[in-house]
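Number of protein chains: 2
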Amino acid sequence: MDNSRPVILITNDDGITAPGICALVEAVKDLGQVIVVAPDSPQSGMGHAITIGTPLRLDKVDEFEGIESWQCSGTPVDCVKLARDKILHRKPDICLSGINHGANHSINLIYSGTMSAAMEAAIEGIPSAGFSLLDFSFHADFTVAQKVVRSIANRMLNEKMPEHLLLNVNIPKLTEADFKGMKLCRQAYAKWEENFDHRVDPRGKAYYWMVGRFVNMDEGTDTDVQALEEGYASVVPVKFDLTDHQIKNWMHETWKELV
Amino acid sequence: MDNSRPVILITNDDGITAPGICALVEAVKDLGQVIVVAPDSPQSGMGHAITIGTPLRLDKVDEFEGIESWQCSGTPVDCVKLARDKILHRKPDICLSGINHGANHSINLIYSGTMSAAMEAAIEGIPSAGFSLLDFSFHADFTVAQKVVRSIANRMLNEKMPEHLLLNVNIPKLTEADFKGMKLCRQAYAKWEENFDHRVDPRGKAYYWMVGRFVNMDEGTDTDVQALEEGYASVVPVKFDLTDHQIKNWMHETWKELV
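Chains G and E supply the protein sequences, listed in that same order.
If you want the working numbering, it's the 1-based position in the first sequence plus 170.
If you want the working numbering, it's the 1-based position in the second sequence plus 170.
Chain G extracted, bound-state conformation:
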C-alpha cells in the first residue's frame, strides 16, 4: 500500500454492482487511494447485522478501473470488519458508504446497511460518512450527490476530525440549479408505518410482504426531513452511545429502590 496518500475505504449496502457506489468512487478517486470492499448482493435493510453462524467469502474483483476492489458475501458491517483485518491491515483514513439508492434520513438510519457500515467504521475510530440520494431509480442522476460527497470528503481528509465522526448525509432528488446546499440537522422523529400484505401461495399457505407509508411526526424545523423538503442536503452527526441520559435521570429520581 502506498502510504503517501490517504486511504479511503468505500462500501455500500446496494451491492458492488450498484450505480451509486460507482458514482461514489468516481467522486473521490483523485482525493486518495480508494479501496472498495462491498457486498456481492443487495443488503438493504440489513441494519447493523453481522455474520456469526456462517463463514464469509471475500473475492478480489475488477469492478472499477484502476481501483482495488473486493466483494464479500456478508453484510455491509462484515465488509468493514473484513476490509480492516484482511485487506488494509490498518485503519483507513476515512470511510465513505453509499451512495445509497433511496433515503436514509430520520429513523431510517437505524435500518440502513449503508449507515451501519459507516457506523462500524466510526466505532473503530475512523471518521466516516454515509450518503443517500432520494431516488430509487437505477438510472438516478448522481451529479448533485457527487458534489456533496466531494465537498465533505475533502474536508474530512484535510481538517482535523473528531475520532468517532459519523455523518448521515441525505441528498434531495434535484438538479444542480434547484439544489440549495447543505444543512446541519438533527434526526427527525419520522418513520415508516408498516403493515403486511397477506397473500396465499400455490399450496394454500399464507405469506406476508412488508409494505408501508412514511409518516413525519416531528414538527421541528431543524430536522433532516424538513431540510430535504426545502431542497437542502441534510447532514446529521450520529453517535453510537445510545444511553438516554434524560430517562436515566428520570429513573434515578423515581426508581430509587431499584437502582
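FYI, nobody ran anything at the bench for these hints, they're computed from the structure.
Some hints could be false.
If chains are identical, the list can't say which one is meant, so a pair holds when it fits in one copy or spans any two.
[To be verified] Derived lysine-lysine pairs resembling BS3-like cross-links, with alpha carbons at most 25 Å apart:
{"#": "1", "residue 1": "Lys409", "residue 2": "Lys361"}
{"#": "2", "residue 1": "Lys353", "residue 2": "Lys330"}
{"#": "3", "residue 1": "Lys426", "residue 2": "Lys317"}
{"#": "4", "residue 1": "Lys230", "residue 2": "Lys199"}
{"#": "5", "residue 1": "Lys199", "residue 2": "Lys418"}
{"#": "6", "residue 1": "Lys350", "residue 2": "Lys426"}
{"#": "7", "residue 1": "Lys256", "residue 2": "Lys426"}
{"#": "8", "residue 1": "Lys426", "residue 2": "Lys409"}
{"#": "9", "residue 1": "Lys330", "residue 2": "Lys426"}
{"#": "10", "residue 1": "Lys343", "residue 2": "Lys426"}
{"#": "11", "residue 1": "Lys256", "residue 2": "Lys350"}
Please build the complex by placing chain E on the supplied structure of chain G, with the hints as guidance.
For chain E alone, kept in the frame of chain G given last:
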C-alpha cells in the same frame, strides 16, 4: 383478546425454542396476557435488520402451555412489526425481549437482535426492555434473571412510563446469594476486536470465520460493563434519536461555510 389484562408481547433473537424465551414467559405469565411472536430460527447478531426482498411466514405454534405463540421466518424486528399488524391489531402494553443467551451490554446492543426488537417496539411508543444473561449455555440458570425481569416488568405495568422507554438489562452469571441487585448505568465504550480466521475449503477456495476478543476501553465507574463486573445487573436506558449534539455544535462552529 381479553382487554381487562395488560398485553405483554414477548420476542427474542435466539428463536422460539431457546430456553431463554421460555424463562421469560414463565417469569411474567401471571402479570398479564402474554403473547409470544419469535423467530423460527436463531437470529443472533441480526441488529435492526428487516426483511424487504422476500416474503415472511407466520405460523401459530404450541410452544408454551396456555400461551398464544407464533413463529416467524423473519428477523426479531420483523416479529414485532408482524405482531402488531397481524396478531394484536393494537399496541401491546409493554414489550419484553429475551432472555438472551449471552451479553448485550456496551456496544453489543447495536448488533443485538434482542435489543433491536425491543427498540422497534419503543419506536412505536411501546415501553420495552431487552434482557440478556451473561451465560451462553443452553442449560443456563435463569433464576436471578427471572427475578430481575419480574421486578422491571411489574414496574413497567404498574407505573406511568415514558412512551419511548427502552431498557437494556444485562444480568451477571451469579447465584442468588452472590447477586448484588440492579444498577442504573450508561453504555460503556467497550467492544469486540474482531479478526477473521482464514480457512480453505475442499475445493481450495478461501473462507473466513469471524472471531474476536472483548476489550473495554472505558475507565468510567458508571458503565454497564463495570456494574456487571461488580456483580450487579446493569440497566441502561436507550434512545433511538442518534443525533450527536456535541459534534453538531462543533460543526456549527467550524463548518460554517458548508452549513
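Results of checking the hints against the structure:
1. Proximity of Lys409 and Lys361 under a CA criterion of 25 Å is satisfied in both settings, with 19 Å inside one chain copy and 15 Å between copies.
2. Taking the shortest Cα distances, Lys353 and Lys330 sit within 25 Å of each other inside one copy (20 Å), while across copies they are farther apart (38 Å).
3. Proximity of Lys426 to Lys317 under the C-alpha cut-off of 25 Å is restricted to the inter-copy arrangement: shortest distance 17 Å between copies versus 53 Å within a copy.
4. In this homomeric assembly, Lys230 and Lys199 come within 25 Å of each other (Cα to Cα) only inside a single copy, at 18 Å, whereas the closest approach across copies is 53 Å.
5. Neither within a single protomer nor between protomers do Lys199 and Lys418 lie at most 25 Å apart by alpha-carbon distance, with minima of 45 Å and 28 Å respectively.
6. In this homomeric assembly, Lys350 and Lys426 come within 25 Å of each other (Cα to Cα) only across copies, at 15 Å, whereas the closest approach inside a single copy is 50 Å.
7. Taking identical chains as interchangeable, the C-alpha atoms of Lys256 and Lys426 are never at most 25 Å apart, the minima being 49 Å within one chain and 38 Å between chains.
8. In the homo-oligomer, the alpha carbons of Lys426 and Lys409 lie at most 25 Å apart only across protomers (21 Å), although the nearest pairing inside one protomer, at 29 Å, exceeds that limit.
9. Taking CA atoms no more than 25 Å apart as the test, Lys330 paired with Lys426 passes between copies only; the shortest distance there is 15 Å, against 43 Å inside one copy.
10. In this homomeric assembly, Lys343 and Lys426 come within 25 Å of each other (Cα to Cα) only across copies, at 24 Å, whereas the closest approach inside a single copy is 51 Å.
11. Proximity of Lys256 to Lys350 under the C-alpha cut-off of 25 Å is found in neither arrangement, the shortest distances being 41 Å within a copy and 43 Å between copies.
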